[in-house]
Amino acid sequence: MSERSAPGRGSGAPHPDAGLEAATKNEVQHLPSDSPVRFVTPDGELAPRAERNGYEFPSEKLLLSAYRAMVVGRRFNTEATALTKMGRLAVYPSSRGQEACQVGGVVVLDERDWLFPTYRDTVALISRGIDPVEALGLLRGDWHCGYDPMATRTAPQCTPLATHMPHAVGLAYAARRRGEDLVAMVYVGDGGTSEGDFHEALNFAAVFNAPVVFLVQNNRYAISVPLSRQSAAPSLAHKGVGYGIRSEQVDGNDAVAVVSVLSDAVAFARTGRGPVLVEAHTYRMDAHTNADPVGRYRDASEAEEWIERDPMTRLEAYLSAAGVLTDSDIKAANDAAEDFATGMRPQLNANPEVHPLEIFDYVFAEPTPQLREQRSQLEAELAQEA
Amino acid sequence: MAISMAQALNAAMRDAMQADSSVVVFGEDVGTLGGVFTVTAGLAEEFGEDRCFDTPLAESGIAGFAVGMAMQGFRPVIEMQFDAFAYPAFEQLASHVAKIRNRTRGAVHVPMVIRIPYGGGIGGVEHHSDSSESHYAHIPGLKVVTPATVEDAYSLLREAIDDPDPVVFMEPKKLYWTKSEASMPVRTAGFGQASIRRTGSDITLIAYGTTVPTALEAAEAATEQGLDIEVVDLRTLVPLDDATIVGSVTRTGRCVVVTEANGFAGIGAELVARIQERCFYSLDAPVLRVTGFDVPYPPPLYEHHYLPGVDRILDAVDRLEWEDQSKSA
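Chain order of the listed sequences is H and Z. Take the first sequence: its letters are residues 224 to 609, numbered as in the working numbering. Take the second sequence: its letters are residues 335 to 663, numbered as in the working numbering.
Rather than coming from a laboratory, the hints here were simulated on the basis of the structure. Careful: at least some of the hints might be erroneous.
Derived coverage of chain H by chain Z (criterion: at least 3 residues anywhere in the stretch with Cβ under 8 Å from a Cβ of chain Z; other residues may be distant) [unchecked claim]: (1) 358 to 369; (2) 382 to 389; (3) 586 to 599.
DEER-style ranges, computed between Cβ atoms [claimed, not checked]: (4) Z/372 to H/284: 53 to 61 Å; (5) H/314 to Z/646: 50 to 58 Å; (6) Z/384 to H/419: 48 to 56 Å; (7) Z/421 to H/308: 37 to 45 Å; (8) H/574 to Z/581: 53 to 61 Å.
Quick caveat, the model's predicted, so the values are computed rather than measured. All C-beta atoms, glycine included, are put in the ideal place defined by N, C-alpha and C.
Please model the entire structure based on the sequences and the hints provided.
Right, dumping it as C-alpha cells:
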C-alpha cells in the first residue's frame, strides 16, 4: 500500500522511482494512490490505516447524514424503477449500488457550491434537497429540466456525455473571478472519460486553476461496454495526471472513504489550489436503464459479487459496530425513506399538466416573427380540437 | 478617415467592453497576438488579460467554458478563428448553448457571441473557407447574423453582445478589409430587419454577408441591359425579415437568391420555399438560386470557379427574362 501523500495533506515522501527533481514534485502531487483509498472493508470493519492514504476520518455527523441520504436514495431508486413499469416515467437510469457516490459528492458541498450532474445522478439531486418530482422532470417527460438551476445551484442533468464538464469549469472560474469561493462538483461516468469534452474540461480547469472537483463514477460499464474497452490507463484517475491535476482513486462503495476524499478535494479546490479529479470505483447493480437487456453483456454472478460490496450494508455495519448508529436509528432512516417514496407517489401518479403553447416560450428571450406565426398556428389547432 | 470592417468589429468589442465590465473576449490567439485577422488587436493591452485572453486550443472547451461563464453573469464573446474550426464546438452549440434557456424554462440564459470568420475568396487552404451558416440557422435557439457593410459590422456586433440570447456572428473574411468613411460608433437597423441596399423594380436579388457586394455589382452591370435590379441584404438570418423579402418580391415579381454556401439544403432553399409560399401569385418566374456547388470548398486555385460571381448571377437573371419572354410570346 502506498504511503504517498498529496499536497495539502501533510508531507509526503518522494516517489522512489522519480528521476528529475521537478518530475518528482509533480508525480508526488498528482499521482493517485496505487489502489483505491479505503476506510471500511466490505464487511463493515475498519480497513488498515495505510489504505487511507493519509486522508482524515469524516465527522460522525457527516457520516450519519450521508447514511440517511443513502437510505432515501436506495428507496428512491426502487421507487423510480417501479414507476417506469407503471408507465409513469419514460425511462429511469438506476444508480443502485452507487449511492455512496451519489450522496458523497453532495454532502461535502455547501449551499454556495454548484453541482453538475448527469442523467444517472437523480439521487444526487434529491440529496441536494431538490423536490423528487422536479428532479424526475427530465425522465418523466414533463420538461427537459424540472427544477430551477439558479435557485438550487444545480445544473440541468446532462444527457450527452461529458459536455457539461466545460460548463462547470467556466462557472467555477467565473465565480472565482467575481470573488466567490464556491466549488463546482461535476459527476461523470467511466464512459464519459473517453469523450473529448472530458479532456478539454480537465485541461481548461488546470490551465485556469478552476475550483472544480471532477467525480468519475466508474461503475464499470458504459451501457454494455466494459471498462476494459473504455480505457487502457492504469486507472481513470491517472487521466488527471497528464493535465497537471491532483488525482485520486477511492473505493466508491465505501461511503466513509468517498466522503473523506471528496471533503478533502473540495477543501483543496476551495482554497485556490486547483481542480481535483477523483475516480470512485463502484458498480451499477441494475441495468443501464429499465430498457436495457443487461443479461446480454454481463453475468449475473458478477453482480452477485458486487452485492457483497453493497455500499449501504457496508456503511450500516460499520456505523453500527462503531456505536454511532442504533437499531432505532436504522428504523427511523428506513421509515423516513418510506415516507419519502410514498410522498412522491401520488404526485407522480397524477397526469402531469402540459401547456402546449409553452414550447414556444423559451426558445429566445423574445420570440421571432416566425415563432409567433407558428405559435398562432398551434393555438388555432388547439381551438379547433376544443 | 476610412475604417475597415475588421477595425469596426474591433471598435465594437472595445466599446462594448468599456460599456459593460462583464463582457469578456476569449479564444485562440485573441490575446497577445490580437487575432489572426487582428480583429481583437489591442483589447488585451487595453482591458487586461482578465478581459481578453487566450485559451487552450480546444473549440468545444471554449464554447462550453463560455456557457459556464455566462451562467455566472459574464457576457463572453468567443472567437472560433476559422469557419471549419468551429465544428468541434458544434455539439456545445447545438446541445447546450442553443437549448439551455429552453431546457430550464428561462431560468438560465447564456448571452454569448460566437464569432466565426467565414467564407472563401481569400485563397485559404482547406478548412479555412467554409460557409457554415445553414448549420447554425437550423438550430432553434441560436441567432445568426452576418454583416456586409462596415457600419453593420459595428452595429450588429454591439447588438449581438447586448442580446440576451446566444448569437452566432458570421464575419465574412473576404470583406474584412473593405473600407468605409463611417465614423464610429454607428448604429444601423436592429436584428430581424433586412436592408434594401439598392432599389429596383424588375428583379429582387437576395444576398447576405459575402454575396452582398457581388449582388450589387451584378445589379450595376445589369443596367446595361436596361434592367432595374433591387438588392436585399438580409443582415440577420435568424431572425429573418420575411416582411421585407415579401414586399420586395411582390413588387418585382422575380427573384434570385445568392449565397456563397453550397445550395443543397441551405439558406437559399429556405428562402425560395418561403417566397413561393408567400408570393406565389405575384411571381412572374420561378425563384432561382445562385450558390456555390455542392462540393467541399475547393483548393485556392479552383475557388474562382466555385464562388458565385457577377456572371453567374447575370446568367440567372437572363433565365428569368427568358421565362418572361416565353410567357409573353
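Taking the hints in turn, this is what the structure says about them:
Using a Cβ-Cβ cut-off of 8 Å, 3 residues of the region 358 to 369 of chain H lie near chain Z, which meets the minimum of three, so the contact claim holds. Only residues whose beta carbon comes within less than 8 Å of a beta carbon in chain Z count, and the region 382 to 389 of chain H has 5; three or more means the coverage holds. Counting residues of the region 586 to 599 of chain H whose beta carbon lies closer than 8 Å to any beta carbon of chain Z gives 6, which reaches the threshold of three, so the coverage claim holds. The hinted window of 53 to 61 Å between residue 372 of chain Z and residue 284 of chain H holds, with their beta carbons roughly 58 Å apart.
Checking the proposed 50 to 58 Å range against residue 314 of chain H and residue 646 of chain Z shows it holds: the Cβ atoms sit about 51 Å from each other. In this structure, residue 384 of chain Z and residue 419 of chain H break the distance hint of 48 to 56 Å, their C-beta atoms being roughly 27 Å apart. The supplied range of 37 to 45 Å is met by residue 421 of chain Z and residue 308 of chain H, whose beta-carbon atoms lie about 42 Å from each other. For the pair residue 574 of chain H and residue 581 of chain Z, the supplied restraint of 53 to 61 Å is violated, since their beta-carbon distance comes to about 47 Å.
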